[in-house]
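> Following the hints, complete the assembly by docking chain Y onto the known chain E.
Number of protein chains: 2
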Amino acid sequence: MLDAEQIKRFAAEFDPQPFHLSEEGATGTLFNSLAASGWHTAALTMRMLVESVPLADGLIGTDLQLSWPKPTRPGMTLRVFSEIVGIVPSRSKPHMAMVTMRNETRDQDGEVVQNFTVKMPVFNRPTA
Amino acid sequence: MLDAEQIKRFAAEFDPQPFHLSEEGATGTLFNSLAASGWHTAALTMRMLVESVPLADGLIGTDLQLSWPKPTRPGMTLRVFSEIVGIVPSRSKPHMAMVTMRNETRDQDGEVVQNFTVKMPVFNRPTA
Chain E
1 MLDAEQIKRF AAEFDPQPFH LSEEGATGTL FNSLAASGWH TAALTMRMLV ESVPLADGLI
61 GTDLQLSWPK PTRPGMTLRV FSEIVGIVPS RSKPHMAMVT MRNETRDQDG EVVQNFTVKM
121 PVFNRPTA
Chain Y
1001 MLDAEQIKRF AAEFDPQPFH LSEEGATGTL FNSLAASGWH TAALTMRMLV ESVPLADGLI
1061 GTDLQLSWPK PTRPGMTLRV FSEIVGIVPS RSKPHMAMVT MRNETRDQDG EVVQNFTVKM
1121 PVFNRPTA
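Just so you know, the sequences run in chain order E and Y. The numbers in our numbering rise by one with no breaks, and the one at position 50 of the first sequence is 50. So our numbering is basically just the index in the second sequence, starting at one, shifted up by 1000.
Note that these hints are calculated values from the structure, not bench results. Heads up, the beta-carbon is just placed ideally off N, CA and C, and yes, glycines get one too. Don't take each hint at face value.
Restraint-style ranges between C-beta atoms, simulated for each label pair [to be verified]:
hint: 1; chain 1: E; residue 1: Pro121; chain 2: Y; residue 2: Ser1033; range: 14 to 20 Å
hint: 2; chain 1: Y; residue 1: Glu1051; chain 2: E; residue 2: Met96; range: 37 to 43 Å
hint: 3; chain 1: E; residue 1: Met1; chain 2: Y; residue 2: Glu1083; range: 36 to 42 Å
hint: 4; chain 1: Y; residue 1: Leu1030; chain 2: E; residue 2: Ile84; range: 18 to 24 Å
hint: 5; chain 1: Y; residue 1: Arg1106; chain 2: E; residue 2: Pro54; range: 31 to 37 Å
hint: 6; chain 1: Y; residue 1: Ile1084; chain 2: E; residue 2: Pro121; range: 30 to 36 Å
Isolated chain E (complex conformation) (with noise of 0.2 Å):
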């Protein structure tokens, strides 16, 4: 679970504006209450692939597209949701693919904080 202190610490290093770094800062502001900075749910998110996804020579991303629909928030807990939606092969490389994954990330109630769909070039196993 995303704790308040997380929050703010993260904020505090690389997205310091009010509505990350306080309660009280975020009050009147879009946001209302404090809420994460959408590269902490994007940080959050990629630790949860890492230790999932299981591509052998790790996950890379190339281009990427994200959103965030709503905001993250002290209390929540996330999940991610993923889909291989595209595999393309490489012409110039034979041992080589572009992958498309589309990622929801969620909070524990289902809603969805960060869509995040990225390209990542994925290898073929070495042949014996």
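Okay, now just chain Y, sitting in the frame of chain E:
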């Protein structure tokens, strides 16, 4: 300047893949030597934007696109170059517009490590 310790610390928390965690772990991978997580590059870019882009209500991204044309490495000094490429007034909310900002994060030699385009809601100053 970004150092190896910062790269490893971010990776240990959010993107624990061998090529982001240690020099040895990066050997023989697509990166060959230690490279920062792209999310670290993105977070460092956000820090620079927060410190330099003067939007009164804050930098709140909704939809965004990212690419990492080359890895961020230890020893690099990053700078961000930003351009407002579109301002579209909202039809339903007359005090609001959607601003599109295009950002390039470059290393000390001017080479681009991140392209980042973001749409942000921006509000009129209150009329007196």
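> Which hints from the list above does the structure break, by number from lowest to highest?
none
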